Structures are given as structure tokens and as C-alpha cells.
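Asker: Given chain Y, put chains S, H, B, R and G in place with the hints provided.
Protein chains in written order, with my numbering: chain Y, 813 to 1064; chain S, 813 to 1064; chain H, 813 to 1064; chain B, 813 to 1064; chain R, 813 to 1064; chain G, 813 to 1064.
You may find that some hints are simply not true.
One copy or two, either will do: identical chains are not told apart, so a pair holds if it fits within one copy or between any two.
Said to hold, decoys possible - Mimicking DSBU-like on lysine-lysine, the simulated pairs with C-alpha atoms at most 30 angstroms apart in a straight line are: (1) LYS836 to LYS870; (2) LYS958 to LYS1009; (3) LYS945 to LYS836; (4) LYS870 to LYS1009; (5) LYS866 to LYS1042; (6) LYS1009 to LYS820; (7) LYS975 to LYS836; (8) LYS958 to LYS1042; (9) LYS836 to LYS958; (10) LYS975 to LYS958; (11) LYS832 to LYS958; (12) LYS889 to LYS975; (13) LYS870 to LYS820; (14) LYS1009 to LYS975; (15) LYS975 to LYS870; (16) LYS889 to LYS1009; (17) LYS889 to LYS836; (18) LYS832 to LYS889; (19) LYS832 to LYS1009.
These are computed hints drawn from the structure, not numbers from a lab.
Source: prediction; values computed, not measured.
Number of protein chains: 6
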Amino acid sequence: MNTVSIEKMDWVTYRELTEKGNRKIILPVGAIEQHGPHMSLNPDVLIPSYIGEKVAEKAGNMLVAPAITYGYKSQVKSGGGNFFPGTTCVSGSSLENYVFDVLRAYVNHGNREFILINGHFENSMSLCEAADKLVNQCRAEGITVKVYLLSYWDFISEETIAKVFPDGFTGWAVEHGGVLETSIMLKIHPELVDMSKAVDVAPATFPPYDVFPADPSWVAPSGTLSSPLKATAEKGELILDECISGIVHHLG
Amino acid sequence: MNTVSIEKMDWVTYRELTEKGNRKIILPVGAIEQHGPHMSLNPDVLIPSYIGEKVAEKAGNMLVAPAITYGYKSQVKSGGGNFFPGTTCVSGSSLENYVFDVLRAYVNHGNREFILINGHFENSMSLCEAADKLVNQCRAEGITVKVYLLSYWDFISEETIAKVFPDGFTGWAVEHGGVLETSIMLKIHPELVDMSKAVDVAPATFPPYDVFPADPSWVAPSGTLSSPLKATAEKGELILDECISGIVHHLG
Amino acid sequence: MNTVSIEKMDWVTYRELTEKGNRKIILPVGAIEQHGPHMSLNPDVLIPSYIGEKVAEKAGNMLVAPAITYGYKSQVKSGGGNFFPGTTCVSGSSLENYVFDVLRAYVNHGNREFILINGHFENSMSLCEAADKLVNQCRAEGITVKVYLLSYWDFISEETIAKVFPDGFTGWAVEHGGVLETSIMLKIHPELVDMSKAVDVAPATFPPYDVFPADPSWVAPSGTLSSPLKATAEKGELILDECISGIVHHLG
Amino acid sequence: MNTVSIEKMDWVTYRELTEKGNRKIILPVGAIEQHGPHMSLNPDVLIPSYIGEKVAEKAGNMLVAPAITYGYKSQVKSGGGNFFPGTTCVSGSSLENYVFDVLRAYVNHGNREFILINGHFENSMSLCEAADKLVNQCRAEGITVKVYLLSYWDFISEETIAKVFPDGFTGWAVEHGGVLETSIMLKIHPELVDMSKAVDVAPATFPPYDVFPADPSWVAPSGTLSSPLKATAEKGELILDECISGIVHHLG
Amino acid sequence: MNTVSIEKMDWVTYRELTEKGNRKIILPVGAIEQHGPHMSLNPDVLIPSYIGEKVAEKAGNMLVAPAITYGYKSQVKSGGGNFFPGTTCVSGSSLENYVFDVLRAYVNHGNREFILINGHFENSMSLCEAADKLVNQCRAEGITVKVYLLSYWDFISEETIAKVFPDGFTGWAVEHGGVLETSIMLKIHPELVDMSKAVDVAPATFPPYDVFPADPSWVAPSGTLSSPLKATAEKGELILDECISGIVHHLG
Amino acid sequence: MNTVSIEKMDWVTYRELTEKGNRKIILPVGAIEQHGPHMSLNPDVLIPSYIGEKVAEKAGNMLVAPAITYGYKSQVKSGGGNFFPGTTCVSGSSLENYVFDVLRAYVNHGNREFILINGHFENSMSLCEAADKLVNQCRAEGITVKVYLLSYWDFISEETIAKVFPDGFTGWAVEHGGVLETSIMLKIHPELVDMSKAVDVAPATFPPYDVFPADPSWVAPSGTLSSPLKATAEKGELILDECISGIVHHLG
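Just chain Y, with the same shape it has in the complex (with noise of 0.2 angstroms):
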């Protein structure tokens, strides 16, 4: 089998591969969390595995790990909160050292390269902890290790926003759920989206403060940020080829 990913190969193979220790691992870190009443729980894993096997196959040196399926707790003001039923998040030290033990295991085969693609906001601190914490503890052994973290959306240029939100684009904050999202996931796993069920809802609005436990009325009741209406598989190509190019551009 002729792939990418790392979980598809048998021992064998990923040994070949990586064994002049010249193969940046892309790591996928997700979140099971709502995305609205239209969408699949699963787009923060989904998307970031996607696009970490374009870019593996378009950069040539890289391989995929296994994706990190649950993420950091979803936060009112990025993700709609904790609270809805279907966000199943893991405490900050769970992910922080599931995630270092996952990067040392990849270490100890020889791997000195690492990219990690964010595809949950939330999950940035933990991931930027965890990769410090490696890049540490492997210079104390005498062993150079470099990680390089990012959060896909970064890659996005204010061109391709405009083409995606021709109206005006109301925000990265009010991304949750939104025509971001659910364009990539038409394009990639529209098996997952059921756009008859989408739900209109105006940007979110929040007071310059967050609050513990979190309050609901806060946040639409279909869990969105934005309004989904206007995605389509077109934009999630357009924003995923501009991410995919980016970031074989700037790490291959």
C-alpha cells in the first residue's frame, strides 16, 4: 500500500522510511466537539488529518500520525462551550501528556521533525506545553528536536476570505460552525454535513470577559457562532488548497 499514513503501513515500511531520521511527522490534534445540528462532532480531527495527508503527499518528506482525537475542553467563545452535549474534552494535563508521550515514542524511532496541525483552538496551550516539554527533555538527553506548531487556519490569506466571505467576513472569533468549517467539510466528508438542517444564526457577540461555569444563553441555541447558510464545497476547496500550499510552502 502506497501511503502516507503512518497507521496504514506495516513496521517494515515505517522503518525504511524513517530510518535516515529524515521524515518530518505530521501529527493531527482534533476535538469531539458540536459543530452545530448540521455537521458531524468530528471536523477539528477530520479536517487537520486531511489536510496533514495533502501535505505529506505533496511535500514528499513527510509521514502522518495517527490523529489525537480528543482535544482540549471546548471554550464558549471559540468552540460554544463545554456544555453541549456531544463536546467530549479532556483536561489540559491529559492532552498535554498524551500528546508528549505520543511525540517521544516518534522521537525514540528516530524522528527529529515535527509538525503539528491544530484543527481546535482550544488545543493550542496544551500542544505549545507538550512540544516545549519534548524539545527539553530531548536536548537534556543531547537529542536536537524541532516542533513546529500550527492551527490551520492561519494559512488563509485575507484574497481567499474575501472570495469565502463576499458579504463580509465577520471574524476568526466567530468561526465555530460557520461557512469555514462546513465549506471544508462539504468538500472533504460531505457524507457528515446535512446543510437542511444548517441553522441562520447572526455573529456571536461576547462580553470582553469569559465566565466559570460557563452560560449558556451566551451562545445560539444551535451551537454555531455564525451562520453556516452560505457554505459550499467550493470555498472548502478554495481554503483548503490555499492551507495545503501554505503550509508545504513554508515546512516541506
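Answerer: Frame of chain Y, contents of chains S, H, B, R and G only:
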């Protein structure tokens, strides 16, 4: 989409299915681990996921959560050892805490019964600890939770073993990457098995102790603990049917 | 002594003020982090402490706890990076657990509402986790606790930004050690700012990913992400007034 | 005092014996766990301690460390379950960390080889993790350490089983508090066994899964998993002789 | 067997004794630590265990749990330091968590009062933390638990000191391995003391600070902090009698 | 600004002062704890901070880091107990890890010697553990670090005690909130002492054990363990002078 797979549902559907608290949540727990040169690294994830899905479909009162992908460190006598390239494992505390958090999140959604389907022997004690902590923490909060923990192979009868190993069964201890797992994979993911690469090995024998660091010479170079050569999809189907029926029978 | 500062009170006074459980406890959380050659290492501590005190005085129903001094690891894109001499940071778990314990102690005194005023962007997720754990642990014990978490700069309006940056705002992302923080420090601690040492730097630009270990060449040698040259105490006052009023307005 | 027991030595004697770094340190690890109404709570501690002492005396190049007394939580299928009064167990992380620290202290004295003699099945994975962490931490510091991990019953041959169970062996799985452990205790600590209180029970049978919280009805009211009635000191001696010789043979 | 020692009881006997929840459970906590060339490494375990047993016998309403053997790191000023061969110590968190779990297990059996008899000064704060966590966790679950924490030497009166040290007492601070502990061991375990190896040393004097790593030159080469030469079994008996009576008097 | 206080420096100045690695870094560690109705909650922070600053100024080769504000749980016999409103304490592990991280950050800047000035007795073991872990971790990386740990009161001579307590010293054990701390605060922060609120109490006497939960009746209602009435700023000056000189003498 009509599915038992939680991650493929939208959250409103999930809420409807779980709001009475009478769904059992199946959590498959696997590992990324070498299974010989003839098979991918993910049988321990794919097999319990497949079984979980079939059990849930048959039982009618269960849902399947996204699997835990990375498991506890492979041991020489049960999985060949943690030193094989491709075998990518996490520590006991990381696995325990990650699984604990995932289960706790499902409890927070209102679910009260869980079935952990383990696909990787070495996970057992970490899952046991996660389950025990969950039950105790919930009890302290006045929540009654029940966790069933099983390894799918414990549902295989001697009759089936006799059929699968007509020339004599060399024992559970050496079934890593052998006829049993290979047969199941031939049934459910033939594209991830390449029997032309399968290596014939005598059933492994070990001294009556373990040693750390592991001694690679204890294991056949191919990584399996017995020969996969006589694996067939038919045997896989036989085994799966029995496991699936058995789990439904006991826990449905 | 008439004060809102908890640490300056004797315990009997503190008890009298808090025994009805209707005081909100403000906890400033900062960091020891370089802010350019023109400023001390502690703006992230002093600013939220100052704001906290003024908010408490104005609101009348709040007390200010001693600040958390050392914060989470400085990141290149928000604080210049953790490699600068003087930048003295703790891990996420240490910060989270330390803050959690402090909050829990205040709960044990009978307090039920908390306002975390964050002065260091990188602290956000650790504070979020501490707050979430506190709320959950207390709830399990039948205690209802509410934690507000804010970063003071989120209370600055576009109008104020327009006044503070008459030549155009280069964005929040590069405000580390720039006009905003320097202006505030010129207002509240002029003795800790030496504008003669201020270095003019162009607003930092970064690639759309992070890298570990951090690459020092991404940051100007002075350590700030934009130029502090146009900072004035008047601008500082303007900003502070708005933050203080805003917090009182929302949470008083 | 001429002894292999470290705790009975003065430190100067211990230093003389270990300063070449060529002594193997035996660490017995047990548990406080019910073993039926006819036996004390400490067989899992006393048996590996006794074996350790005899092995050390016979091998000549080993010393015995004070035993770890409290072990991992008793499981229903192997130890009757953690709900019996008297069964007094610790969590996996506590056991792992405590054992790790003890081993690390012996490494700091200059010792490089360890033999963990386990007397309580449930300890296995915690000991495995402690050993693995020790080896890795030491390796990172340039110290080569070797840890052997064994459960004494794995050294019992089929021949001995045939002699001990002339009427047929009902299997290792149900040997908790049965003929095997009782016979050994009758040999080494007859004062802690009262055969007049021994209860005859049929060998336990269990469903092919575990459940949390444990279901006490799965276990005989006496707490043993098989009948201890046919235990004798002679059988105990036979078993011990084989275990002791076997360990010396393999690891001496 | 008529005993107060929990580990020597069968579980049915233990249940009968504890099922009313009115037994106080004594937990001796010690250390493996050098006590000079004239004494074994385990006085800190044996002394509190002996005292515990005698207290329980005298009080009539107490039982003695198996001792915690390995204690917190020996400090130079109280135990000679953690660098002596044979001094085998664990970290604070490991001790705290291990003791916590043990106490929790006894609570789960229905016990509500505990007496921790400490034999190793350095354990104090870890035991304090374990006790505090236990009390808090249980209170959160509606269980009222009481933990007494004592070091046996705190029950020795000035009168006894005057008798034991007729030539003047050089202070508690230097009693490590001196007349006090040696006398007790001569009384309870004379076979573990060899007075012919006892080394006369002047009472240790230390600078008013500690240093890490420890400076071995601060301690006499023999490892004791004062001279054991005048130790006698009679003095040991005197001391023990007072400690035992005192503990029964206060906590019986 | 000419200062020894790290937090008041800009990072370039700090770098210049520390780049040779020959500065000793003083870290004051305190607590927020009631000290009677006549005094603020922060003497344990302010006193070691003041001493640290004076020591650094006098020694010339030291810098003072921002203090650790919140310390380990107040104990009845040394600080009145953790149940007083205003006494705001953290757990041992939180303190240990937080201090460890802070020290590690200073090591990363190139510093190699540290002086921990403790102002709160209960912190001792957590600081000891943090120092020990730091030294060991650094040694494993080939970095030689030295940590001095002191409590300032250990530098007070009997002569000074005789002057401060002309009517007889009632012992260190009961000095919480008494003449000693009050005198120092009258000297360095008279605005935080109100002698008109000082309560005369007899020196506390305690049973020879501790109990958890603490028994408030063991402590005087005012919270001090002895009477502060005879405190004067002159006594404070005398004490401080001796502590400062002593520390410089020993560690300068």
C-alpha cells in the same frame, strides 16, 4: 445519517439518543503497534472499533465513541516490545488520565453505563484504574456509574479456537500478529494486510520473567509471536461473529 | 488602614468584610517577562494589580488578593519568547495548580465570586483550567462558585485605540512592550520606565506557525514586538480609565 | 550479623557489599489483601520476601531490600476484589512512583541490577512502568540499569503443579487463597494459617469481562477463588524449592 | 491468633473488630536510613511499629497497620543526609500519595480515626499533607475523619531526658543515631545493634542554613549526629514506657 | 535605576549583571497568613523580601528575585492553623512545583547559586524538595547548581534573644505573631501594624501531637501564639541587623 458512531452524529441527534441516560457508551481502546511485516500498525484500534460498531448495531441500546488510538507500552511477551519502529505507545498515567477524562465527559452528558472494548492487552491495568477512579469520583458526587471492561478475545470459545487452529492452539500468550489478529484484519480490512509479506515463525517461548530494557533477541525479527500464515478471512469472520454475539449476549 | 488590598489587612478586618460571602475577590495574575530595554520585568504584574485596586475601590464590593507573580512561558509571537534573560516563567501545570489552590483557599474563607485579571496573554489557558477545576470541584461539594476571567486589554475600545495610535494601530498581536504597555507603566510606575533606552522597532511580522525551540531571530533584538517610542503617560491614563470603568461596569 | 537483608545491615556493611556495584538488589513487592478466613492479610508480602531471602542466600551475589508492603488494587478475578475489609490497596500511580523512587535510591548507591519479585498479580503493570521509567531516566543520565521483573508463580513447572494438585489443576486464574498460597504459608508462617477456618469453595468462574464497581456476588463469601483445603506444608516446600532454584538458575 | 497487628489477622477477624468503626488505626511510618555503623538501617521503622503495637495492646481500642517502610529524604541536620549508602528514601510526593492511598483504603473499610506514629523526622510534612488531603476529601463526601499525627519522641519528658542524659542533653537536633535511638533498639532489637562498632562523636554543629546538594563534610564519617556510646537497654525501656503511656494517655 | 531587585530591572541590565553566572539569586518565599488582629497578612512575604534586599545590597554579588507570595498550609503549632479567614495557603506539591519552575528559569538564564530566604516555617520541606529536585535535574544535564535554604530566624543569636525578651524567651515554637515578627514589621512596615489592636495572650501550649482537621480551640482567638505587646521597632532593627549580617557573613 443513520449510525451508532457518535463522532458521525450531529450534537442534536446525539442529545436525543442519550438524554434519557439509557444508552451504553462503547469506548474502543487500541494501540499503534507493529503486527509483523504483513499488517498495518493499527489492528488494535480497528478491531475493537469494528466490534464496537457491530455490537452497538445489534444491541440497539448502545453508541460507539471515537476510539482511543495510542495505548500503553507494548511488552515483549504480549506485543513484541516497545522498541520496534512503528510501535508508538504512551505511559500508563497518560493513558489512564486521558481515558478517565473522556469517560467523565460522557458522564457529564448524562450517560451512566460504559463498555470499554480493549484491543491491546497492555492497556488492561490503565483502563482498570481509569474505570475505578471514574466510579469513585462519580459516587462521591452522588452519580452511579457502571463500567464494563473487556478484551474482545475473552469472548472466543474453545470450539472456535479448535476451528481456527485445527493443528493445535499454541496459546493466547503468543497470538500477537498471528492467525487470530491477521484473520480478523483479513475480514475487516484486507487492504491493510499483505499475506505475501507474512513471515512464518515458530511460536515464541520466553523465560519466566521480564527484563527492562527489553531484550530484542527474545522476539522473532518479524515481530510476531507466532505464524500468521494460516490466517484467512473466514476464520476472522468466525471469530468476530462469536465476539460480537457474546458481547451483546452478556452486556446488551 | 483603609484598603481594598487583602494582604494589607489584618485577618479580623478581612473576616468582617468577607463573612457575608458577598465580596468579589480580584486575583491579578502576571508574569516576570522582558518588556524591552526601557522597562522593568514586571509590567504584567503591576498593571493588573493597579487595575484591580482601582476597580475594587470604585466598585465597593470587591477586594484584591496578592497577585500571582510568575506566569506561563512567554511565547515568541506574544511576549518575545522564553529565551530572553529575565523572562522567568513557570510551566502550565505549575501555574494552574498554584492558582487553583489559591482560589480554593479563598473559597474556604466563604468567598464565592472571583475576578481573575490577567496581565500576560500566555496565562489564559492555565487560568481557564484552574477556574474550570475550581468550579467543578466546588460543585461536587455543593458549593456554587463563579469565576470571571478577563485580560484587561479586552476592555479597550476602538475609540481609545484610535486615540492612542493616531497613526494607525498595528494590531494587538504586536503590542508586547509597545505603546500600550509602556504608556500604562509611564502612568503608574514612571520610575520603572526609561524612555531614553526605548528602541524603535518596526511591528513584528511572523510566519503562520510557531516553532520549538523558539527561533530568536524572529524577534527584534530589543525584545519588543513594536515600537514604544510614542508612549505617554496620558495615553496610559486614557487606557486605564477605560479598562477600570469597563470592568466595574460589567462585573461591579 | 550475617544477613542478605539490607535493612538488618548497618550502612558500612552495606557499603562494603555494594561498592563494586555487582550485587543484584532484590525488591519484594506485595500487598495487604484478604486471603480467606484461614489466613493472614500479608501472604503477598511474606512469600516474595521469603523467596527473595532464600534466593539471595543461595545465589551469593544478591541482597534483599525491605519489601513494598501495600500493592495495587485487588481485582475480583485475581484477588477477590478491592471491597473486602482488610484488603488495603493503593492506586497505580502511587505504587509506581513509590517503587520508582525506591529503585532510584538504590541506583544512587551504585547498584545497577534489580530483581523485582512480585507476590501480587495486580502489581504487574505498575512495576513494569516503574522499571521502564527507571531504565529510561538512568539511560538519559548515562547510567545503564537492568531490571528483572518476575512473579514467583511463573517459576512453577507443570510437574510440580501435577504433584500439588493430584486431582487436577483448576488453573492459575483461581489460585487466590487456594492450595498454592496456603501451602506456602503453611511452610513459612504456619502461625498465620488456621486450617480450621478454611472454607471449601468450588473454583470460581467468571463472565468474560470485568465490571466497576465490582460485583461482590461474583466471589465466594470466604474470599478465596478456590478451595485451600488440600494445602499442606509439604506442598509449600515443593513449590518454594522450585521457585527459589528457578530464580537462582535464571538470574543468579 | 490474638493480635493487634492487622496484617496478621484474617479478614473476617479484622471485619469483626472494625465493623463498628470505633477502632483507631495506628499507622507507623518510618524510613530506611543509616544510623551509624553500630545499628541496622531500619530503626525508624521498627521503633514506631513496636510503640504502635504496645499502645494498641494497652489501649484496647486500636489496631496497628503494616508500617510504611521507606520515608522521605534524609536531611543532613536531622538524619545525616541522603547521600549515605543505605539511606534509601523517596520523594515527598511519592510518600504523601502512598500514605494517602493507604489511609483512604482504611477509611473505605469503615475506620474513622487514625494515629500516624512517625519514626523519621523528615516525614512530618508529607504526613501532614496526606492527613490534610484525606480529611478534606472525606469531608467533601460527607465522611468525618480524624487523623492524629505524632512523632514518638515528642512524648518524652524532661525528667526522662535528665535520666537518659545524666551528663547533659545535647539537644533533640543531634539525636540521630545517638543515645536515644540506640537505647531503644538495644531494648527492642538487640540483635540489630553492635555496640562494639559504635563510634564516639561530638554532638554535631551546623551552620544556620541548609545546602543542596548536601555537603558530606558537615556530618561525622560514622553518620550519627551524636555519640551512641552511653546507650543502654534500660534507657531504652524508660523512654519506651513513657512514650507508650503518653500516647495511650492522650489518644487512648 | 540602581537596584538589586530583579523585577525592577530591564532585561538588558539583568543580562549584564548575570551573564558571567556569578551572581547569587535570592528568592524570598513567604505566605499569606493571619498574624493577629494587629498586623497585616503578609509579614512572611515582606520580611524575607526586606532581608533579601538588604543582604544583596550589602553583599554586592547578589540579586533578589520577586518573592513567592503564597506558601504552604499554616499549621496550628507554628502559624495558628489553616482555618483562619485570611490565611490563604497552597498545597505542598503546588508550592514545590511552582518554586522549582522559578528556580529552573533562573538556571536557564545562566545563574548557578541560589539563596532561598524562607519567611514561613511551614514552607521548609516543600522548598527542600524543590531544591533537591533542581539540583538533581541539573546534575543529570551536566549543570552544577547550589541552593542555600535558610529561615531568617535561624540567624538570631541567643544574645539578641536575651535583649529582645528581657523577661525571658518563651521559645521559637510560639513566636507566631508575637514580639519577634511584630517588632520587625514595626521597623520595616509600621503602616501595616496597629498596636492598639494587639491582644495579650499567654504563650500557647500544645499537646505532643497534631490533629487533622485542626482544632481551633488550641489557639488563642486572636491568632497569635504569644503576646506581641512588647514589640518595638528598635527590637525589630536589632533582629534584622543580625539576620542581615549573618546571612552576608555565611553566604556572601
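Asker: Hints first: check each against the structure and report whether it holds.
Answerer: Hints versus structure:
no.: 1; hint: LYS836 to LYS870; verdict: within (13 angstroms within a copy, 42 angstroms between copies)
no.: 2; hint: LYS958 to LYS1009; verdict: neither (43 angstroms within a copy, 34 angstroms between copies)
no.: 3; hint: LYS945 to LYS836; verdict: both (19 angstroms within a copy, 27 angstroms between copies)
no.: 4; hint: LYS870 to LYS1009; verdict: between (35 angstroms within a copy, 28 angstroms between copies)
no.: 5; hint: LYS866 to LYS1042; verdict: within (25 angstroms within a copy, 37 angstroms between copies)
no.: 6; hint: LYS1009 to LYS820; verdict: between (35 angstroms within a copy, 15 angstroms between copies)
no.: 7; hint: LYS975 to LYS836; verdict: neither (32 angstroms within a copy, 45 angstroms between copies)
no.: 8; hint: LYS958 to LYS1042; verdict: neither (39 angstroms within a copy, 37 angstroms between copies)
no.: 9; hint: LYS836 to LYS958; verdict: within (10 angstroms within a copy, 33 angstroms between copies)
no.: 10; hint: LYS975 to LYS958; verdict: neither (35 angstroms within a copy, 42 angstroms between copies)
no.: 11; hint: LYS832 to LYS958; verdict: both (16 angstroms within a copy, 29 angstroms between copies)
no.: 12; hint: LYS889 to LYS975; verdict: both (25 angstroms within a copy, 28 angstroms between copies)
no.: 13; hint: LYS870 to LYS820; verdict: both (18 angstroms within a copy, 28 angstroms between copies)
no.: 14; hint: LYS1009 to LYS975; verdict: within (24 angstroms within a copy, 45 angstroms between copies)
no.: 15; hint: LYS975 to LYS870; verdict: within (25 angstroms within a copy, 47 angstroms between copies)
no.: 16; hint: LYS889 to LYS1009; verdict: within (22 angstroms within a copy, 39 angstroms between copies)
no.: 17; hint: LYS889 to LYS836; verdict: between (33 angstroms within a copy, 23 angstroms between copies)
no.: 18; hint: LYS832 to LYS889; verdict: between (44 angstroms within a copy, 29 angstroms between copies)
no.: 19; hint: LYS832 to LYS1009; verdict: between (50 angstroms within a copy, 23 angstroms between copies)
Checked against the numbered hints above, the structure violates hints 2, 7, 8 and 10; every other hint is satisfied.
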